[in-house]
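Starting from the known structure of chain A, fit chain B onto it as the hints suggest.
As you go down the protein sequences, you meet chains A and B in turn.
Each residue of the first sequence is one higher than the last, beginning at 293 in this note's numbering.
Each residue of the second sequence is one higher than the last, beginning at 192 in this note's numbering.
Misleading hints may appear alongside valid ones.
Claimed, not checked - Just a few of them, taken from the derived set where beta-carbon distance is under 8 angstroms, the chain B residues facing chain A:
{"#": "1", "residue": "R274"}
{"#": "2", "residue": "S290"}
{"#": "3", "residue": "G298"}
{"#": "4", "residue": "F371"}
{"#": "5", "residue": "A426"}
{"#": "6", "residue": "Q446"}
{"#": "7", "residue": "V473"}
{"#": "8", "residue": "N481"}
{"#": "9", "residue": "P661"}
{"#": "10", "residue": "L667"}
Claimed, not checked - DEER-style ranges, computed between Cβ atoms:
{"#": "11", "chain 1": "A", "residue 1": "W366", "chain 2": "B", "residue 2": "W635", "range": "34 to 40 angstroms"}
{"#": "12", "chain 1": "B", "residue 1": "Q650", "chain 2": "A", "residue 2": "V454", "range": "41 to 47 angstroms"}
{"#": "13", "chain 1": "B", "residue 1": "N564", "chain 2": "A", "residue 2": "W366", "range": "51 to 57 angstroms"}
{"#": "14", "chain 1": "A", "residue 1": "I428", "chain 2": "B", "residue 2": "A651", "range": "51 to 57 angstroms"}
Unchecked claim - Output of the computed footprint for chain A on chain B, the stretches with three or more beta carbons under 8 angstroms from beta carbons of chain A:
{"#": "15", "stretch": "279 to 286"}
{"#": "16", "stretch": "483 to 493"}
{"#": "17", "stretch": "698 to 711"}
Hints listed in this document are in silico derivations from the structure and should not be mistaken for laboratory results.
In this text, a Cβ means the ideal position worked out from N, Cα and C, and glycines have one as well.
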Amino acid sequence: MGRYFGRKLLVYLLTFFIAVTIDWLIPRFMPGNPVQTMLSRAGLRAEAAEVMYGYYTSAFGLDLPIWQQYLNFWTALFHGDLGTSVFLFPTPVTQVILRAVPYDIFLLLPAILLSWFAGNKFGAFAARARRLDNTILPLGYILTATPYMWFGILLAWALGIVLGIFPVSGAYSYAMRPTLSLAFIGSLLWHWFLPFASIFLVKFGGWAIGMRNMIIYELEADYSHYLEDLGAPRKLIRKYAFNNAILPQLTGLALDLGVIVAGALATEIVFSYPGIGYLILQAIQNQDYFLLQGCFLFIIVGVLLANFAIDIAYVLVDPRTRIGMQGGAV
Amino acid sequence: MKMRMIQLWSIGAVLLLLAALAACAPAATPEVVEKVVTQVVRETVVVEVEGEPEVVEKEVVVTATPAAAEAAEAPAAPTTYERSETLYTSGTQWGPPSSWNPFNRGGYAMGTLGLCYETLFIYDPLTNEYAPWLAESGEWTSDTVYELKVREGITWSDGEPFTAADVKFTFEMAEDAAVFFSPVWNWLDSIEQVDDSTLQFTFSEPLYQEWANYSYEVPIVPQHIWEGRTVEEIAAGANENPIGTGSYLYETHDQDRMVWVKNDNWWAKEQLGLDPAPTRIVDIVNGSNNVALGMVLQGGLDLSNNFLPGVATLVDGGYGVQTYYPEPPYMLSANTAWLIMNHSVKPMDDPAFRRAMAHAVDVSQIVEVVYGNIVQAAHPTGLLPIWDEYIDQAVVDELGFSYDPEQAKAILAEAGYEDVDGDGFVDMPDGSPIALKIIVPFGWTDWMESIRVVSNGAQAVGINLEPDFPDYGGYLDARLNGTFEMAIDNQPQMSNTPWTYYDWVFQNPLEDIATMQNGNYGRYDNPEAFDLVNQLDKTPVDDVEGMKAIASELQRIQLTDMPLVPLWYNGLWAQYSSAVWTNWPSSAEDANHYLPATWRGYWNMTAIRMLTELEPAAQAEASQ
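Pulled out of the complex, with its shape left as it was, chain A reads as follows:
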């Protein structure tokens, strides 16, 4: 078992190194120059722009040779320093991200988990019921095929603008200061609902369809037929089928959780929800190397951790993996 995880860990470290290197490289391949972009918004008189250009270029270390910038990047990274944001100068990137991440988790964690739970339950349930299969599952297909962005705009328009029930932007009322009061938490949840619902419904459709197809596939498998022939109760057969069908879904769940800090980009933009999503968009448009690097670093770490978690979960959940690791044959 130790060797199994040792080998996995090595692969993960290597992947991390390569992914972070690519993460560092990609923004620098974009045409243009972040300091130029920054100064273009400042409306400076000619001579002043020249001076400021020199100042910022050296402040960001962009005047150094490229290999040295790369080395400095790793050194800083090991000190937990992700640099200073260009577009939100002079805020450190870590601070920018840490302020936004709670909103992403608050939005995505419930959306991912609840949709997974409910979607699988519903999919498994629908797979045996003809009537449900014929009526509600097509709805699932429509939901899962809907782009988040479009669905979000639709919800905002219908429930926000036409009916006026829900707010269309912000994380809490613009008339409030954060306090630990019932009113504030209420406002937080009220603003959270539409973005949450738009993600939940789209994901729900996906999980339900996946589970339903999987169950049908498992019910057609030899072991199911064998059990059936043995006269096992229907309920038991379905239980076995469900246990097998849940495995790929678990992988999907882990991958979804991996991108938790950035998985709601489109939704956050539609609802002006102050998570990482909107920051990534702005970082790209402003060529903010450092902020972009920081955001993607979170995604890299998230995806790797999620994969690692799957590895562990499979050992727990799937007896075949466990036996394989102990060297036994199936």
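Same frame as chain A, but now just chain B:
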């Protein structure tokens, strides 16, 4: 098997529990406490400004426990703002507020200059008048000496008095630190403090126009706070908890908003009888267009300075949305959008070709179809409507241009551009084909549509011009480094002098265009024009005839050589709702004519007076 299923679902249940916890966690307690404490710093200082030395007060605040702080704060800073006392704005802030440094001109939080820091004068572009603000008066006592009297009885928001020394300090600071007005020291010799409220600026070579521009653009900062700062901190520091002289005080900010609260001790209340109506101004970070539009419709935004396509429909359709003009062009004109052409690429080096382009573009289509009439077509000189008096009509009558495809074809033919290879497009006089691209940043939808109109017009007269949409960085890079062929640009905003306009069109020297980022990206080279612009800068502001004479010569050069083609005037996008606040600026005779803008650099162009003119709507609801 059964066991494992239970395990699986219990994992799920634990994760759900975590989710529920996370749901309660954000905006965590420490942040709240922190905010409460900073709040008290401000409140205490403001309340007891008169008597006690404030050092003692600060200590009291630092040692205050959160609980005590909370108790003290309760009456002062409500956690929910009254809708009827709050002004909601948007259109300036593109990311979370991150800087309150008034010298960080592209990045400071909305209102840092204007609401918090103030300038010596405020300038009204619609009437061309300078109103003394932090200054009592200012005048040129000789050709090279400017005497400034500073207004007395003003205090900084921490209770310290504002004096002439602060003004002297602000300008002298710029000699070492790289800020936007540092170049003043190329032509300013020295600043003498004559007495408590009088300064004498002695110039080696007075640039009157530029100086007048600084008089309402340079934020005055308190010496006692900025004195010890390094040049880096001055130019680029975040300057949290800003201390200014202005009508509003920093209250709080978050990822998606900036909140200012009214300064009850603002000097202008007594001295000028001005009192801004809103207790708080909440500026909302721009989301996408649909969010701004939705908020305007929901009544959540009182003033939106966003560009909202199709807003004319809302104004005409009785949705309670108001603009400066009730009919086209709806918006005031804020800047000129030009077609810029790169003179270092053939055939744009040929004035005849450039002139043909000017005749080929159907601007009315851009105005009517692309913008739905919320902009105006530009005058051939490109001078904004506020600079009408500088237009020399005789020159324009002789050399002006209008949309005329036949004329464009005739000019091309006369200059030797003919279709040699029979592909339907003209070729160079030497027979080589012409294939050009015009660029604007991807995602700037109005500009993207506009250059489609431009390239259609060009193709109709036989010029092979295709639109192209690089991202903003790529567009900027091409523009600065002169690697584009044609592009749209609109940098310089309205100002006190057409000099800023001509300084942009004829920016020089050419080798520094990329780093100076201040115009002439087409690299037009004409020493005579460059010299005229310098002369204009040296013309006293009240010598209107002198300015007109130089402007006339510049117009002749511009319309003859056609270094760029003025297309339309971008609007001062502003749409407001009268649900909570009324008496907005408007072109109506009985209304006020201040600029309805929260943009950086506009508060000190009379937008601050918009706030003092606002009135609460009688039927405003008590809460949101």
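So, going through the hints one by one against the coordinates:
The beta carbon of B:R274 is positioned within 8 angstroms of a beta carbon in chain A (closest approach about 6 angstroms), and the interface hint is therefore held. With a cut of 8 angstroms, the hint placing B:S290 at the interface with chain A holds, because the nearest CB-to-CB distance is about 7 angstroms. Annotation: B:G298 was flagged as interfacial toward chain A, and the flag holds, the nearest CB pair being 6 angstroms apart, inside 8 angstroms. With a cut of 8 angstroms, the hint placing B:F371 at the interface with chain A holds, because the nearest CB-to-CB distance is about 5 angstroms.
For B:A426, the interface hint holds, since its Cβ comes within 8 angstroms of a Cβ in chain A; the closest pair sits about 6 angstroms apart. Given the 8 angstroms rule on beta carbons, the hint for B:Q446 holds: about 3 angstroms separates it from the nearest Cβ of chain A. The closest approach between the C-beta of B:V473 and any C-beta of chain A is roughly 5 angstroms, which is under the 8 angstroms cut-off, so the hint is satisfied. Contact between B:N481 and chain A, as hinted, is supported at the beta carbon level, the nearest pair being about 6 angstroms apart and thus within 8 angstroms.
At its closest, the beta carbon of B:P661 sits 7 angstroms from a beta carbon of chain A; the interface hint therefore holds under the 8 angstroms criterion. At its closest, the beta carbon of B:L667 sits 6 angstroms from a beta carbon of chain A; the interface hint therefore holds under the 8 angstroms criterion. The supplied range of 34 to 40 angstroms is met by A:W366 and B:W635, whose beta-carbon atoms lie about 37 angstroms from each other. Range check, B:Q650 to A:V454: about 43 angstroms between beta-carbon atoms, so the 41 to 47 angstroms window is met.
At roughly 55 angstroms, the beta carbons of B:N564 and A:W366 sit within the given window of 51 to 57 angstroms. The supplied range of 51 to 57 angstroms is met by A:I428 and B:A651, whose beta-carbon atoms lie about 55 angstroms from each other. Note: the stretch 279 to 286 of chain B has 3 residues with beta-carbon separation from chain A under 8 angstroms; the three-residue rule is met and the coverage holds. Remark: the stretch 483 to 493 of chain B is confirmed as covered by chain A, as 5 of its residues place a Cβ nearer than 8 angstroms to a Cβ of that chain, reaching the required three.
For the stretch 698 to 711 of chain B, the stated coverage by chain A is satisfied: 6 residues place a CB nearer than 8 angstroms to a CB of that chain, which reaches the threshold of 3.
In summary, this structure violates none of the numbered hints.
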